[in-house]
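Peer 1: Sequence:
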Amino acid sequence: MPTYESIFVCPPDLSTEELEELARKFEKIITQGQGEVISCNKLGRRKLGYEIKGYKEGFMYCLNFNSPPTLIAELEKNYRVTDKVIRHLIVKVDKKKLKEEKATSEESKDEEGKESPTSDV
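Take the sequence shown: its position 52, counted from the start at 1, is 55 in this note's numbering, and no numbers get skipped.
Calculated directly from the structure, the hints in this document are not laboratory data. Incorrect hints may have been included.
As the list claims (entries may be wrong) - DSS-like, lysine-lysine: derived pairs with alpha carbons at most 25 angstroms apart: (1) Lys100 - Lys28; (2) Lys95 - Lys31; (3) Lys50 - Lys31; (4) Lys59 - Lys31; (5) Lys87 - Lys31.
As the list claims (entries may be wrong) - Label pairs and their computed distance ranges (CB to CB): (6) Lys100 - Glu30: 32 to 40 angstroms; (7) Val40 - Glu20: 16 to 24 angstroms; (8) Glu79 - Glu110: 34 to 42 angstroms; (9) Ile55 - Lys80: 18 to 26 angstroms; (10) Ile55 - Val96: 18 to 26 angstroms; (11) Met4 - Tyr58: 18 to 26 angstroms; (12) Glu39 - Pro15: 24 to 32 angstroms; (13) Glu110 - Glu60: 31 to 39 angstroms; (14) Lys50 - Pro72: 17 to 25 angstroms; (15) Val84 - Ser18: 15 to 23 angstroms; (16) Lys100 - Gly57: 33 to 41 angstroms; (17) Pro71 - Glu110: 15 to 23 angstroms; (18) Gly36 - Arg90: 37 to 45 angstroms; (19) Lys98 - Leu17: 29 to 37 angstroms.
We put the CB at the ideal spot given by N, CA and C, even for glycine.
Model the full structure from these sequences, guided by the hints.
Peer 2: Next up, the structure:
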């Protein structure tokens, strides 16, 4: 199954419970459509590059998931009809690139963990 990444933006005035309920709703749609949610990350409240539906800020979520391509249309439809989502984006993730990014992030973590020797010359 292909891997996808979806980001959706919600109005900043929603409560934490409403935001979590919305994320669970989309996760449920994915799992019911024979998909598998890899991760659901709260990206937090962010300033938008331009005003969207009267909002200058929005709360963002990022979903990474595996699913059959037929599920994407269903997920997009749900994003469009949900009033609490002001913008969304779904992109297909290149698995090779994903593996390279993971390897790079692990290498950078390893390098941060090592202390560089200092010398007093």
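Peer 1: Against this structure, judge whether each hint is valid.
Peer 2: A quick look at each hint next to the structure:
Taking the CA atoms of Lys100 and Lys28, the gap is near 29 angstroms; set against the 25 angstroms cutoff, the hint is violated. A hinted pair counts as satisfied when its Cα atoms are at most 25 angstroms apart, and Lys95 with Lys31 qualifies at roughly 19 angstroms. Distance hint between Lys50 and Lys31 is unfulfilled; the C-alpha atoms sit about 28 angstroms from each other, more than 25 angstroms. For the suggested pair Lys59 and Lys31, the alpha carbons sit about 29 angstroms apart, so the restraint of at most 25 angstroms is broken.
Between Lys87 and Lys31 the CA atoms are separated by roughly 17 angstroms; this keeps the pair inside 25 angstroms, and the hint holds. Between Lys100 and Glu30 the beta carbon distance is about 24 angstroms. The supplied range of 32 to 40 angstroms is therefore violated. Val40 and Glu20 have their C-beta atoms about 20 angstroms apart, which keeps the hinted 16 to 24 angstroms range intact. Here the CB-CB span from Glu79 to Glu110 is close to 36 angstroms, well matched to the stated 34 to 42 angstroms.
At roughly 20 angstroms, the beta carbons of Ile55 and Lys80 sit within the given window of 18 to 26 angstroms. Taking the beta carbon of each, Ile55 and Val96 are about 24 angstroms apart, inside 18 to 26 angstroms as hinted. As the Cβ distance of Met4 to Tyr58 is approximately 34 angstroms, the hint placing it in 18 to 26 angstroms is violated. A hinted range of 24 to 32 angstroms for the beta carbons of Glu39 and Pro15 is consistent with their spacing of about 30 angstroms.
The hinted window of 31 to 39 angstroms between Glu110 and Glu60 holds, with their beta carbons roughly 35 angstroms apart. Range check, Lys50 to Pro72: about 33 angstroms between beta-carbon atoms, so the 17 to 25 angstroms window is missed. A C-beta distance of roughly 21 angstroms is found between Val84 and Ser18, which places it inside the suggested range of 15 to 23 angstroms. At about 36 angstroms, the CB distance of Lys100 to Gly57 agrees with the hint of 33 to 41 angstroms.
Roughly 33 angstroms separates the CB atoms of Pro71 and Glu110, a value that falls outside the hinted 15 to 23 angstroms. Range check, Gly36 to Arg90: about 22 angstroms between beta-carbon atoms, so the 37 to 45 angstroms window is missed. Here the CB-CB span from Lys98 to Leu17 is close to 33 angstroms, well matched to the stated 29 to 37 angstroms.
Hint violations for this structure: numbers 1, 3, 4, 6, 11, 14, 17, 18, all remaining hints satisfied.
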